[in-house]
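Throughout, this note's numbering is defined as the position within the sequence shown, counted from one, plus 10.
Keep in mind that the hints were calculated from the coordinates and are not lab data. Note that CB positions come from ideal geometry on N, CA and C, so glycine has one too. Don't take every hint at face value.
Stated by the list, open to error - Restraint-style ranges between C-beta atoms, simulated for each label pair:
{"#": "1", "residue 1": "Ala518", "residue 2": "Gly257", "range": "43 to 51 Å"}
{"#": "2", "residue 1": "Asn58", "residue 2": "Gln470", "range": "30 to 38 Å"}
{"#": "3", "residue 1": "Gly394", "residue 2": "Gln470", "range": "29 to 37 Å"}
{"#": "4", "residue 1": "Asp81", "residue 2": "Arg217", "range": "37 to 45 Å"}
{"#": "5", "residue 1": "His238", "residue 2": "Arg492", "range": "31 to 39 Å"}
{"#": "6", "residue 1": "Gly442", "residue 2": "Arg301", "range": "42 to 50 Å"}
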Amino acid sequence: MLSYVSTPNRRARLGCAAVALVTLAGVLAAGFGAAENAGATGPPALANPAWSKVIGPTHLSSPTIADVNGDGVPDVVTADLSGMLHVLNGRTGQDLPGWPQPVQPRAGSTAAVESTPAVADLDRDGKPEIIVGAGSLEVAGQQGGVVAFNANGTVRFRIATATVAGQNAVVGTPAVGDVNGDGFPDVVFGSFDHRIYAVNRVGAELRGFPMDSLDTIWDSAALYDAGHIGRNDIFLGGDASPGGPCGNQSWSGLMRAIRVTSMGPVVRWTRCRHQIYQSSAAIGDLDGSGRMALVVGTGTGPSGDASATNRLNAYYLDNGQNVPGWPVLLNGAIFGSPVIGDINGDHHNDVVVTACAVCTDGRVWAFTGHGRALWNVVPGAAEGDHTEILSTPILVDLDGNGVNDVAVGQAGEFYFLRGTDGARLYRPIEVGRVVQDSAAVANFGPGLGWRIVVQSWKPQGDGTPAHGAGRVDAIPLSVAPRVTPAWPQWRLNPRHTAAPPAPPLPPAVAGYWLVASDGGIFTYGNARFYGSTGAIRLNKPIVTMARTPSGHGYWLVASDGGMFSFGDARFYGSTGGIRLNHPIVAMAPTPTGHGYWLVASDGGMFSFGDARFYGSTGGIRLNHPIVGMAPTVTGHGYWLVASDGGMFSFGDARFYGSTGNLRLVRPIVGMARTATGHGYWLVASDGGMFAFGDAHFYGSTGGQPLAAPIITQTPTASGKGYWLVAANGDVFPFGDARFYGSAGGFPLNRPIVTAAASKHS
Numbered sequence: 011m012l013s014y015v016s017t018p019n020r021r022a023r024l025g026c027a028a029v030a031l032v033t034l035a036g037v038l039a040a041g042f043g044a045a046e047n048a049g050a051t052g053p054p055a056l057a058n059p060a061w062s063k064v065i066g067p068t069h070l071s072s073p074t075i076a077d078v079n080g081d082g083v084p085d086v087v088t089a090d091l092s093g094m095l096h097v098l099n100g101r102t103g104q105d106l107p108g109w110p111q112p113v114q115p116r117a118g119s120t121a122a123v124e125s126t127p128a129v130a131d132l133d134r135d136g137k138p139e140i141i142v143g144a145g146s147l148e149v150a151g152q153q154g155g156v157v158a159f160n161a162n163g164t165v166r167f168r169i170a171t172a173t174v175a176g177q178n179a180v181v182g183t184p185a186v187g188d189v190n191g192d193g194f195p196d197v198v199f200g201s202f203d204h205r206i207y208a209v210n211r212v213g214a215e216l217r218g219f220p221m222d223s224l225d226t227i228w229d230s231a232a233l234y235d236a237g238h239i240g241r242n243d244i245f246l247g248g249d250a251s252p253g254g255p256c257g258n259q260s261w262s263g264l265m266r267a268i269r270v271t272s273m274g275p276v277v278r279w280t281r282c283r284h285q286i287y288q289s290s291a292a293i294g295d296l297d298g299s300g301r302m303a304l305v306v307g308t309g310t311g312p313s314g315d316a317s318a319t320n321r322l323n324a325y326y327l328d329n330g331q332n333v334p335g336w337p338v339l340l341n342g343a344i345f346g347s348p349v350i351g352d353i354n355g356d357h358h359n360d361v362v363v364t365a366c367a368v369c370t371d372g373r374v375w376a377f378t379g380h381g382r383a384l385w386n387v388v389p390g391a392a393e394g395d396h397t398e399i400l401s402t403p404i405l406v407d408l409d410g411n412g413v414n415d416v417a418v419g420q421a422g423e424f425y426f427l428r429g430t431d432g433a434r435l436y437r438p439i440e441v442g443r444v445v446q447d448s449a450a451v452a453n454f455g456p457g458l459g460w461r462i463v464v465q466s467w468k469p470q471g472d473g474t475p476a477h478g479a480g481r482v483d484a485i486p487l488s489v490a491p492r493v494t495p496a497w498p499q500w501r502l503n504p505r506h507t508a509a510p511p512a513p514p515l516p517p518a519v520a521g522y523w524l525v526a527s528d529g530g531i532f533t534y535g536n537a538r539f540y541g542s543t544g545a546i547r548l549n550k551p552i553v554t555m556a557r558t559p560s561g562h563g564y565w566l567v568a569s570d571g572g573m574f575s576f577g578d579a580r581f582y583g584s585t586g587g588i589r590l591n592h593p594i595v596a597m598a599p600t601p602t603g604h605g606y607w608l609v610a611s612d613g614g615m616f617s618f619g620d621a622r623f624y625g626s627t628g629g630i631r632l633n634h635p636i637v638g639m640a641p642t643v644t645g646h647g648y649w650l651v652a653s654d655g656g657m658f659s660f661g662d663a664r665f666y667g668s669t670g671n672l673r674l675v676r677p678i679v680g681m682a683r684t685a686t687g688h689g690y691w692l693v694a695s696d697g698g699m700f701a702f703g704d705a706h707f708y709g710s711t712g713g714q715p716l717a718a719p720i721i722t723q724t725p726t727a728s729g730k731g732y733w734l735v736a737a738n739g740d741v742f743p744f745g746d747a748r749f750y751g752s753a754g755g756f757p758l759n760r761p762i763v764t765a766a767a768s769k770h771s
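Given the sequences, and given the hints that come with them, work out the whole structure.
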């Protein structure tokens, strides 16, 4: 397969970008003088650095700000091409005790770092960990991978990535978030070895990972709970080899939306383009609709397709479709990543990004969330600095007017631009040095105040980053921001999710039970646990359940008709001691809760307690087996449904329609009636929904790739929504159904076979 790093030409893209910057030594020197002379009449200057720290040669790795030692003052975490990871005291810039540490994906073998360190509490014990990728094109022959450190500098876990086409580096930044729904953060990253990794808090791979991406991955993952299912999806771009999912074009790229399930990763949607991904996606609400979208730039592959190379794209997270007004065309390749926030004071998100990465017209661009251009500027125009821009901006209120501004680096200087129009706010800093990474900004506390942290390198020797002089500077801001910085550091936050937190789940006014075939019960929302058969040796598997009218109990039913009562559910009889012609497939309680019906796959009906017999299909030759039933509101009748959607009505149950004459993509697996009893829904194993009578359609999973088939549907108390439940425990809410959690992200001992809604509180 064609790999970004398997040919000299591909490697040269980034290497030559760095070399091109340092061959402009005269321009850098001239720029220094121009900046100094402009100070007399130009914009004001910031204060001198509060501290500076000399580190090894640095390149793309950006500083991360987080409180590592727990003293309440932010620290600065940074790495360099010598392979050392530093944790600098936010007050003084000196390494904290236990630091620096070598980054060694394989013990004893230090590797250069292009990746930005991520900081997150993996154990949720109040002590942060640091996770960083290793490997660089600037330093050949080293083992790439990821290393996680404890706060004291000891190694937590190491992952050495595979070598493909001679490369194994992880230059992208690890992202940290719960992607499998177990309540603990996971670590997600891509690699030059053509794989996407997702590991848990101790470094163990999640099921189905590493996932073959088919080509090189440069960029960093973005994480967001796009499905509102209690766990993050993964959004990650990568190169696409000819003959792969993007066709026969070379230098193509593929953006994937990946959902982690108990069965492994599932790709929800993909988008191809005729350019690779080096820019990483940012996530936000672009159009004010509450519908989240990702914005992503491009890369520097010689695809020959300028319209693809210079295009900034925006896709909705839920289906990958273009956001209206996007894409937009810039003046060159977009290596840096876009950032999202309000920069014009209208309280709506805007997008800021840099271009171009391989030309002599480096610009900063600003757009509204609808794709309308606000401004674009050459930040170094006054100094004659037109070199390319690889770095990613940050957004912070620099002048105290309550509106975010833009801070961004370039070859030879670091610039401060007014958010409303891109004009200079302060004189450039880091003059004569190269900034190809992203800065970071934070309030370091009483007596210290707000500081911007910039990591740069000065060309030396042969002028490559590997032989540059690295330095970290912490510069006080002249005024404190009046608004929280919209994008304060690389990938937005120390966990590098590149996305705002998902809205919290609402207080539970309802809920549901999920039941596995061994009778294990999973409770969500206000559903309470009243007992299970999970620890009992069953003669036959559990196939269905129902709650009592009070909601304070439930029945579980096995395929032989064995009944298990919990909470205030009472036992009224069973077929457990009867030899059945066909297995039990469904049950329903009477409206009083003082009885119930069981139905077998041939439609044979068994009535217990105050449940009355109104007829059955037990003596009829069926085209397809019965798979579900529902009683009428009065309890004086019921419906049976077959797997082809054929409906059978008994007692006072009325026929409102069926799918018996339709050719179905997948079989019907269940049914539910509306609150009025004047209609019903049928659900297929792909989540296709069929509404009859006064039942309304509120959505389905019929067009979505599922990790496991849908096994049941249960309506809300209002009847204005429903939940679909899959065999792996995934829960999909529609209408007024709210998501309260699922079992879909972690392995189950037995599959989910049924579910029931709790009573509204």
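Run through the hints listed earlier and report the numbers of any the structure violates, in increasing order.
Numbers 2 and 3, in rising order.
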